[in-house]
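Work out the full structure: start from the sequences and follow the hints.
Here the protein sequences come in this chain order: A and B.
If you use my numbering, the first sequence corresponds to residues 1 to 293, in order.
If you use my numbering, the second sequence corresponds to residues 1 to 293, in order.
Quick caveat, the hints were computed from the structure, so don't treat them as lab data.
Model, not experiment: these values are computed from the prediction.
Hints may contain errors.
Which copy is meant is left open, because identical chains are indistinguishable; a pair holds if it fits in one copy or across any two.
[Claimed, not checked] In silico DSBU-like cross-links for lysine-lysine, where the CA-CA straight-line distance does not exceed 35 Å:
1) Lys244 <-> Lys98
2) Lys244 <-> Lys5
3) Lys5 <-> Lys127
4) Lys5 <-> Lys185
5) Lys55 <-> Lys185
6) Lys127 <-> Lys98
7) Lys55 <-> Lys98
8) Lys98 <-> Lys185
9) Lys185 <-> Lys244
2 protein chains.
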Amino acid sequence: MDEIKSVAIVGGTHGNEFSGIYLLRQWEQQPQRIQRQSFSTSTLFANPPSYEANKRYLDSDLNRQFSLADLDNIELANYEQSRAKAINAFLGPKGNAKTDLIIDLHNTTSNMGPSLILLQSDDFNKKMGAYVMQNMPEAVIVYEDQCPVEEQLFLCSITQQGVIVEIGPQPQSVLRQDVLDQMEKMTLLILDFIDAYNSNTLPALNNYSAYRYKETLSLPTNEQGERIGMVHQHVQDNDFVALKSGDPIFKLFSGEEIYWHGEYEAYPHFINEAAYYDNNLAMSMAEKFTVVL
Amino acid sequence: MDEIKSVAIVGGTHGNEFSGIYLLRQWEQQPQRIQRQSFSTSTLFANPPSYEANKRYLDSDLNRQFSLADLDNIELANYEQSRAKAINAFLGPKGNAKTDLIIDLHNTTSNMGPSLILLQSDDFNKKMGAYVMQNMPEAVIVYEDQCPVEEQLFLCSITQQGVIVEIGPQPQSVLRQDVLDQMEKMTLLILDFIDAYNSNTLPALNNYSAYRYKETLSLPTNEQGERIGMVHQHVQDNDFVALKSGDPIFKLFSGEEIYWHGEYEAYPHFINEAAYYDNNLAMSMAEKFTVVL
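Structural data, given as structure tokens:
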């Protein structure tokens, strides 16, 4: 891969995920914290009106508006659909972007710790994961590489190299010091990695364990589509802990328990994420694997 | 005090505090769970439109609209100001209420555990606290009795006997099984207590430790009123843990730490509650004392 010459750090894609929004403000005061020798760094506050409204979004989820078809469809005209096109023009356009790499900063209400979500498993990303893990052993590396980057809907898919920094648990509309510190640490490590990659000064990197997205589970609903149960407390807060076949995953309001019967060893994450209720989602499932460099 | 003849359980006063809303639905299916021999129990979903909007409130905080002056002021006409008057007519009117006791169900993002908030320290409430503690040792009893009940702004101040069941931590717009179970347990214990009180069958009750609200601390701000710091991680999640003079309570974005210098042993609670950001509040402070029966 060519050298990375321009990096954009994006915060506030979701208006009630505060860590990125506050970090952008701090970096505006002290820009040297995100500047590196071998590339330029810019910042972007993606969705200020949703922050003002103290909501994830005004009309629709900004972080699902970046398919090539939707970006090309001018009839998709609500606030986030419009804002996506503006951001795409500013950092992109997707497929031929003037920016080389986007770091999009997110929080989750789930107990995922400091997670780095990578959209493809190329040599660059595999090394980035190794570098972050070696300097931040508490980090978790998640590959969401089930489709080519250009087919992804995420903001950071504007650029071929795009990553999501996802830190939790943090309630919506809250700022936690520990979560803020983890987000800054991981973001600065990514910048350090890019700088070392550009200048061919990467340290020795080791193979590591990571997770690969597999599927998303829905909450149990009745025929009218109403939720009839919740995430079981056996699973709650146990992100990235292996589920065994027969383990309880849902508790119905009737008292009944629903069990996991998967054909693989599943590592749930995004467990009981507040923003997933819109679509009755309960958690994502991943498989664990070893990244070989 | 006279016998309690009618109890109203209120949920969804804040639309993004899900436990009470879901419990009301379950009790609708199985009303016998909240029925007791010596009094009638009704339920009320206080703010359905704010639940539909997935927000605490549409226009203003419903749980601050119940002063006698505001209830009498027909010019206060936004949604929650109007809904408050409707609820007051239905359960009250405040000062001469047809309901004897209101239990208002709330969640907090703070690590307060199962808390019972009492608005006056009369013999009835002191015994209620003892009864709940004896049957639920993890419960915390908080007296917010700094003014007469009729001067309180809370929904449950419609009735002279009104209590708040406040369970956390739970992010806004999330339903946790453990929090739901604690809320139902505490609510049913309050109903059991009332039934035993009415029928003169209370067990022997013991003195207990409780907390009394003292003051509320604001987040540090600059001259423009912008937040310049956050709750220190030394305090985060340590609700009802004593603060000593000299302990850090805020971390400024500049890196500086702010210390607590109180003239009393303070027990912080509602620490970093999401809903408090509207007013730049950081936490409430209480003193610990012994309730003597």
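Checked hints:
In the homo-oligomer, the alpha carbons of Lys244 and Lys98 never lie at most 35 Å apart, since the shortest distance is 46 Å inside one protomer and 54 Å across protomers. Taking CA atoms no more than 35 Å apart as the test, Lys244 paired with Lys5 passes in neither setting, with 45 Å inside one copy and 50 Å between copies. For the homomeric pair Lys5 and Lys127, the shortest alpha-carbon distance inside one copy (18 Å) is at most 35 Å, but the shortest distance between copies (69 Å) is not. Taking the shortest Cα distances, Lys5 and Lys185 sit within 35 Å of each other inside one copy (21 Å), while across copies they are farther apart (58 Å).
In this assembly of identical chains, Lys55 and Lys185 lie within 35 Å of each other by CA distance both inside one copy and across copies; the values are 26 Å within and 32 Å between. Taking the closest pair of Cα atoms, Lys127 and Lys98 come within 35 Å of each other only inside a single copy of the chain (23 Å); across copies the shortest separation is 69 Å, beyond that limit. With identical chains, the CA atoms of Lys55 and Lys98 are at most 35 Å apart within one copy only, with a shortest distance of 30 Å there and 38 Å across copies. With identical chains, the CA atoms of Lys98 and Lys185 are at most 35 Å apart within one copy only, with a shortest distance of 26 Å there and 58 Å across copies.
Taking the shortest Cα distances, Lys185 and Lys244 sit within 35 Å of each other both inside one copy (33 Å) and across copies (30 Å).
Checked against the numbered hints above, the structure breaks hints 1 and 2 and satisfies the rest.
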